[in-house]
Amino acid sequence: MFSISTRAPLSSIPTSDAVPTSYHRAADERKYQMDIDEEYGEGSSGELGAAGKNIVGPGESITSSKDYMRGHGTYVEDEQVVSSVAGTIERVNKLISVKPLKSRYTPEVGDLVIGRIVEVGSSRWKVDANARQDAVLMLSSVNLPGGVQRRKVEQDALKMREFLAEGDLLVAEVQAFFGDGAMSLHTRSLKYGKLRNGLLQPLPPHLIRRLKSHFHHLPPPCGPTGVDVILGLNGWVWVSAGTKAAVEGDGQGQGVGGGAEGDGFGAEGVYSNVNDEITPESRTAISTIASLIRLFAKYHIPLSDSLLLEGYQWISKRRGGAESTMISDEDGERLIGDVLGVDVSVDA
Amino acid sequence: MSTAVSPSERSYIITGLAHPTHPTRLDGRGLHQSRPIFISYGDAPQASGSARVTLGGTEVLAGIRLEVSEQGESSRCRVEVDVTPQAYPTLAPSALTAMSTQLSSVVSDHFVPSIPSLPIVPQIKYFVPHLHLTLLSNSGNVLTTLILAARAAFHDLRVPKTKVISSGAADDVDEQKDLSGIKAAVRAGRSGGRGKGRGTSGVEWELDLEGDGTMPMPGRETLPVLVTLNLIPDSTTVFLDAGLQEETACPDRLHVFFDAGGKVCGMRMEGEAGLDVDRIRPLLKEAQGVSVELFASLSQIATS
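Protein chains in written order, with UniProt numbering: chain A, 1 to 348; chain B, 1 to 304.
Treat the hints loosely; a few may be bogus.
Label pairs and their computed distance ranges (CB to CB) [what the hints assert, rightly or not]:
#1 Pro233/B - Arg150/A: 35 to 43 Å
#2 Gln300/B - Leu340/A: 45 to 53 Å
#3 Ser84/A - Ala92/B: 27 to 35 Å
These are computed hints drawn from the structure, not numbers from a lab. For every residue, glycine included, the Cβ atom is placed at its ideal position computed from N, Cα and C.
One chain only, chain B, in its complex shape (with noise of 0.2 Å):
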């Protein structure tokens, strides 16, 4: 379906929304109800943590791959948001990459620098993970889908555990059988470590096999949540998580991004009309009352 509007159902819509005293939605929502949020972990049984979240229509699966880094190479995290042609059916290929572009962008921007790095050697060697967002259908709320998404991710993800063993060790590394996965990666850090000269590093690594020699990642619990608020034209209320109708209706848009303590960690005003200056400090309240209430849920499901 066309996510066009006609300028009555836009009224409608907008009408519904700024009244007063009882505000309606098209599907009967309160203002600040969100649509029921589905997780579902190890979605791809192959990667080193995976998810999928869908909400309502919206339906996003993350994959994460973890790989060792290069010398010299940045420990951040990579981002690739692709956008899928069944999710947009009406735009062209090239609408759809640059849309991709602009989402992992955000992303990059806003929630990787929360993500804490992965050490093998502090200072020379980590794991630096590589975050796949396919957004696989928009029925809208694209974004706080993804960043949901790239959360629960990082929840599920299992972090290799390694040991640094003193420099110039003997180690037979030719009697290791299984060089699938992770290992193979190891192993070819190794190498290239070794290659390039042991004098740079000077550290040998291996795998710590002790338990099921995984850890889950250290602070996945604060990783920084997104709130949406939309705006209404010509109205000071706000909602959350607008439909597909309802964000053709009001296009500009406040993104937020918090931390688990509830500090501001990134903005992004979406949408052509301007906000006042008096405004700006009112919405970051409210939309830290919501991101409260959503680490709440969150931390519900992590625990039960």
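Next up, chain A with everything else stripped away, as it sits in the complex (with noise of 0.2 Å):
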């Protein structure tokens, strides 16, 4: 019931630093790379990042400054670009700038968010989706019940409490950016709105990527009906039970808005805040999901849905069909290196 284990206090990690604080590690090599005239232009820092030498670390000097423009996460000192933050390089012909690791979500239009309503205002709602500020999502850029030509009338405004209240979480698109660098969002499709039957679990943004879809299904061996997954940009993803229209609006890809009209998926279903009935075979299985992508955050790997899938397989195999869900350290360490090659093991 209880797991009680004793750590060894933090005061006695010794606190001492080898390097000197006002030093600057020059990165000899990358410099010079980085002064190779043949990559001007390209405009990317694939190269950089095949060389496994494009991440800094904050105090570290990039680059000249007389040949080069600071960009974000960097700063000037004695004619040096230094990296103020820990990430990877990026450069865009003259201006270098570093992403950092951790940090909120950062925006670009186009992009699938999740996102949870924080405030009903006058025909718009704010929205909470892990960015630096709230988004915006307008009354008019959301679909209705009644179809999507339907015009929005007055009443409609009074009563957007019904559509979406504080607290519920959306999935939406990034539409474009206000002037003090607010995301305005847009659900107009019915691959966007409320979400229902699952859970939320939230990453650190970096861990995913930009795919050609972020709607997965990871279909029946994994529960009765399946598991869908929804990967935010923004590092939110929701895990809930499968459903046909999913099925099928995977099949149609991204960019097919309202694929799946007329399938079980009403318009009036997509501001409910009831559930399905879900089986606990159902819920075991979203589980087992939610901390399989736990587990691979824990490592830093970015997640996909063939690695969901593959890690799935590895875990129902090596359970077999045993009900708990929890992964233990040792297992956990176990997949990893099985599914992807990478051992993480403390005492290799």
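Take each chain as given, in its own frame, and dock them per the hints.
Here it is, written out as structure tokens:
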């Protein structure tokens, strides 16, 4: 019932730093590599990434400030562009910026995000989407019950809370940015809207990559009706019981708005708060998938649907139909080793 | 992340928990399964006793400082709970203060009375423990973690050995060069005693420096533990160690303090829904069973 163990106190860990604080460790090789002009105009950090040397820590000098301009995450000192964060170097022509490993979500137009309503305002909702500022969802950017072509009337503005109230979760797409950098969302597709029948699993945003589709359906060996996974680019992942509509929607891929129309996916259901009946087997599968997502996040492995499927197969083979959905630390290490071929065990 | 849950999330959590045959939880634990607990002792090296307890993502740092009681002062332990803003990023400072007041009142009402007094000169002078609990992060089940941390800090506490010397005995206080820490307190206590007149106390005391001069607190194994039973709305089942989302979905809780003998030494109800009188006895029985398990796990740590 209880597992209690002792740890060494924090204060016994030596805090002395071997590296003097004011000294910039110049990464010489990297500097020369940057100066090669063949890469000029490529506008990507891919070549640097291939060399495996595009990671810098704070205070590490990247290149000379005479030849390059400093971007986000850098500053200039002693004619050197110095990184101010730990992250990966990104280069666009002569502009050097460092993308931090750990940060809030930085939105881009077209991104799929999962958000939570925090405020209902005049003809707009404020949405928390794990970004630096709350996002805005305009009443004019949602589909209301009664069809896509329906006109918005004043009554709709009065009963906005009936559609989406504070605390509700929704999946949406980034439509545009306001002048202050806040993002504007839209849900003008039947793929988007309120979320039901599942649980939210927040992750660090850098673990979600931009993919062709962010709606995934893991088919039935994984729970009786399968499990649906929505990977929000803001790091929030929605794991829910699989539906038929999602299967078809997934098959048609991204970009086909309203592909699942008229298939038990009625417009009235879009704003429903009531969950479907979910069997315990289905719940167990959902919890297992959520545990797998947490496990991959623990070892900083970017998520993908094939990874989740392989992980699920591994864990169900290992368990042989046992009930518990917890993944022990040893099992987790072995799973990562078997599925990804990466050894993460502590004593290695 | 905000702790709000949408109506569908809430119903998903509650129906999962309340399922009659196969209850499921968000992270796949059993209803009576706690998240792993990690305890480290001595995290504040300058305190008389300290500990840090991590339960899931909830982390509490506890520290105890011993002071010598003034004349006529109560020997009861003082409790301060510090709720840090980083544990509740969305709360206003006034709400944090209210919460720390509420938590410290729970600790001092139900935990402190079980702490044995630490007499120097019985009836006259005592060591008064000042317990400071810092809530560093919150992912549910805060109160249990606070009590575990307080208990662990008392387990780590080293009480200076003292001996009573007869009144009026000549002692060369001035020769004591090292006046840091507890010795300074002792000396301050002495001079205070003198200043107010030896007639009232009439007894002098000094530190017994035999060995390392300290001893563990007597009766530290029998300090109470807290069992929190989370009640599921419209269901008779209960579960342990709720996570943040589960706490939001099931706001009603029963906190019961048990001592080592399995006796109830404090009880609090949290939440708006009431509790039927008939349910209290079975719930207490259930909580008692849990407390026995918890004591067994804790004593394994103490002996290993």
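We went through each hint and held it up to the structure:
For Pro233/B paired with Arg150/A, a C-beta distance near 37 Å keeps the hint of 35 to 43 Å intact. Judged by the Cβ atoms, the range 45 to 53 Å given for Gln300/B and Leu340/A is violated: they are separated by roughly 36 Å. Our hint of 27 to 35 Å for Ser84/A and Ala92/B holds, since their Cβ atoms are close to 31 Å apart.
Consistency with the previously given hints fails for number 2 only.
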